[in-house]
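Number of protein chains: 2
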Amino acid sequence: MHEQEGTFMKPGHSKVPAGHTSGAPVCGLTADVCQSVSDVLARVGDKWSLLVIYMLSNQSMRFSELKRSLGSISQKVLTTTLRGLERDGYVVRHVTPSIPPRVDYELTSLGHDVLGPVKALAMWAISRRKDVENARCKFDKLNIRDAI
Amino acid sequence: MHEQEGTFMKPGHSKVPAGHTSGAPVCGLTADVCQSVSDVLARVGDKWSLLVIYMLSNQSMRFSELKRSLGSISQKVLTTTLRGLERDGYVVRHVTPSIPPRVDYELTSLGHDVLGPVKALAMWAISRRKDVENARCKFDKLNIRDAI
DNA sequence: CAGTATCCCCTTGGATACTG
DNA sequence: CAGTATCCAAGGGGATACTG
Numbered sequence: 001m002h003e004q005e006g007t008f009m010k011p012g013h014s015k016v017p018a019g020h021t022s023g024a025p026v027c028g029l030t031a032d033v034c035q036s037v038s039d040v041l042a043r044v045g046d047k048w049s050l051l052v053i054y055m056l057s058n059q060s061m062r063f064s065e066l067k068r069s070l071g072s073i074s075q076k077v078l079t080t081t082l083r084g085l086e087r088d089g090y091v092v093r094h095v096t097p098s099i100p101p102r103v104d105y106e107l108t109s110l111g112h113d114v115l116g117p118v119k120a121l122a123m124w125a126i127s128r129r130k131d132v133e134n135a136r137c138k139f140d141k142l143n144i145r146d147a148i
Numbered sequence: 001m002h003e004q005e006g007t008f009m010k011p012g013h014s015k016v017p018a019g020h021t022s023g024a025p026v027c028g029l030t031a032d033v034c035q036s037v038s039d040v041l042a043r044v045g046d047k048w049s050l051l052v053i054y055m056l057s058n059q060s061m062r063f064s065e066l067k068r069s070l071g072s073i074s075q076k077v078l079t080t081t082l083r084g085l086e087r088d089g090y091v092v093r094h095v096t097p098s099i100p101p102r103v104d105y106e107l108t109s110l111g112h113d114v115l116g117p118v119k120a121l122a123m124w125a126i127s128r129r130k131d132v133e134n135a136r137c138k139f140d141k142l143n144i145r146d147a148i
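Chains as they are written, first to last, in the working numbering: chain A, 1 to 148; chain B, 1 to 148.
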């Protein structure tokens, strides 16, 4: 239990590789800028984070409330999701040391803030949903013969 | 080579689970809307896709050009990344059947389009980069004692 | 209630070798 | 050149059991 400090430390795939860590910007993107964009996308793009942020955007909720609302998430995953969001400063964790314990989660201003651009992307995704869907159908239809 | 048709079919974690596949919207989000947002985020949030889209936003490029520019990506991963982007309709693949073969990749209008909201998110990520960084430092400093 | 601790599976990404 | 074919390691997500 002591050696896994990396659990919610790094989103993993979000690491921008060494290729352009060296001075040269790729398409006008410097490595660190590129990295911070990746960080946000990786955090918000994982399976549950975005949903959790949405849930908390109206009111703060306690652990069990979140779990119940999300339905099919496991405790472990909800915990790591919340820790990740907490680490990056999107949520705060309020502990009430009672018995049984009570823990509430609340969006920070950063958490509320990120909803702006994320909602814009969401709106785009919704408006272009059919295009993506059609592209997929077309692609899959063309490639299914190769696959079988 | 026939049974792995799922390689670039699904982003994996992007699947919105059964919990709210049933009628009830979560926080005003219906399941399919939620799914399409997840799809976009998962696609654009993987390790290389966003970078590839950025590279192609100025000019079309051939496979080897992309590989060289990205530096540390493997052929396999570049291929699957491009296939994924092609499947979702963000890029098109132009094959010139010469020897040796030549394949060019170009952004579609959908591909150019997604850069809008993505750039907005990128700008946000850049402007709030320090906040995230500070939050992480603070969090890690508080939790390092527990971890060791 | 709000977590840990384990164990397990699957997917992603990478390294290497081979081919039309 | 532009891919496939294999193999491998690491991480994410899930199921279950236990605990302060």
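None of these hints come from the bench; they were simulated from the model. Being a predicted model, the structure only gives us computed values, none of them experimental. Ideal placement from N, C-alpha and C gives every residue a C-beta, glycine not left out. Worth double-checking, as some hints may not be accurate.
Unchecked claim - Capping the alpha-carbon separation at 30 Å, the derived lysine-lysine pairs in BS3-like fashion look like this: (1) B:67 x A:141; (2) B:130 x A:141; (3) B:138 x A:138; (4) A:138 x B:141; (5) A:67 x A:138; (6) A:76 x A:119; (7) B:141 x B:47; (8) B:47 x B:76; (9) A:47 x B:130; (10) B:76 x A:141; (11) B:138 x A:67; (12) A:47 x B:141; (13) A:141 x A:130; (14) A:130 x A:119; (15) B:119 x A:130; (16) A:67 x B:67; (17) B:138 x A:119; (18) A:67 x B:76; (19) A:76 x B:67; (20) A:130 x B:76; (21) B:130 x B:119; (22) A:141 x A:67; (23) A:138 x B:130; (24) A:130 x B:138; (25) A:130 x B:141; (26) A:47 x A:76; (27) A:119 x B:76; (28) B:130 x A:130; (29) B:138 x A:141; (30) B:47 x A:138; (31) B:141 x A:141; (32) A:76 x B:119; (33) A:67 x B:47; (34) A:47 x B:67; (35) A:141 x A:47.
Said to hold, decoys possible - The following label-pair restraints were derived from C-beta to C-beta distances: (36) B:57 x A:99: 25 to 33 Å; (37) B:136 x A:62: 19 to 27 Å; (38) A:102 x B:65: 40 to 48 Å; (39) A:131 x B:75: 42 to 50 Å.
Evaluated hints:
1. B:67 x A:141: Distance ~28 Å between residue 67 of chain B and residue 141 of chain A Cα, so the pair holds.
2. B:130 x A:141: Violated. Residue 130 of chain B to residue 141 of chain A sits at ~46 Å, over the 30 Å cutoff.
3. B:138 x A:138: Since the Cα atoms of residue 138 of chain B and residue 138 of chain A sit roughly 48 Å apart, the hinted pair is violated (cutoff 30 Å).
4. A:138 x B:141: 50 Å, violated
5. A:67 x A:138: 38 Å, violated
6. A:76 x A:119: 27 Å, holds
7. B:141 x B:47: 27 Å, holds
8. B:47 x B:76: Holds. Residue 47 of chain B to residue 76 of chain B sits at ~13 Å (cutoff 30 Å).
9. A:47 x B:130: Within the cut-off at roughly 25 Å; holds.
10. B:76 x A:141: 23 Å, holds
11. B:138 x A:67: Measuring from Cα to Cα gives roughly 27 Å; hence the hint holds.
12. A:47 x B:141: Holds. Residue 47 of chain A to residue 141 of chain B sits at ~27 Å (cutoff 30 Å).
13. A:141 x A:130: Holds, at roughly 16 Å.
14. A:130 x A:119: Holds: residue 130 of chain A and residue 119 of chain A sit about 18 Å apart, inside 30 Å.
15. B:119 x A:130: 22 Å, holds
16. A:67 x B:67: This hinted pair is violated, its Cα atoms lying about 43 Å apart.
17. B:138 x A:119: The hint holds at about 28 Å.
18. A:67 x B:76: 38 Å, violated
19. A:76 x B:67: 38 Å, violated
20. A:130 x B:76: Judged against 30 Å, a Cα distance of about 29 Å means the pair holds.
21. B:130 x B:119: 18 Å, holds
22. A:141 x A:67: At roughly 39 Å apart (the allowed maximum being 30 Å), residue 67 of chain A and residue 141 of chain A break the hint.
23. A:138 x B:130: With Cα atoms ~43 Å apart, residue 138 of chain A and residue 130 of chain B exceed 30 Å; violated.
24. A:130 x B:138: Violated - the C-alpha atoms of residue 138 of chain B and residue 130 of chain A are around 43 Å apart, more than 30 Å.
25. A:130 x B:141: Answer violated: residue 130 of chain A to residue 141 of chain B is near 46 Å, above 30 Å.
26. A:47 x A:76: 13 Å, holds
27. A:119 x B:76: Violated - the C-alpha atoms of residue 76 of chain B and residue 119 of chain A are around 33 Å apart, more than 30 Å.
28. B:130 x A:130: 37 Å, violated
29. B:138 x A:141: With a Cα-Cα distance of about 50 Å, the restraint between residue 138 of chain B and residue 141 of chain A is violated, given a limit of 30 Å.
30. B:47 x A:138: 25 Å, holds
31. B:141 x A:141: Violated, at about 52 Å.
32. A:76 x B:119: 33 Å, violated
33. A:67 x B:47: 29 Å, holds
34. A:47 x B:67: Holds, at roughly 29 Å.
35. A:141 x A:47: Holds, at roughly 27 Å.
36. B:57 x A:99: 25 to 33 Å: Violated: the Cβ-Cβ distance is about 57 Å, outside 25 to 33 Å.
37. B:136 x A:62: 19 to 27 Å: 25 Å, holds
38. A:102 x B:65: 40 to 48 Å: 57 Å, violated
39. A:131 x B:75: 42 to 50 Å: About 29 Å separates the Cβ atoms of residue 131 of chain A and residue 75 of chain B, which means 42 to 50 Å is violated.
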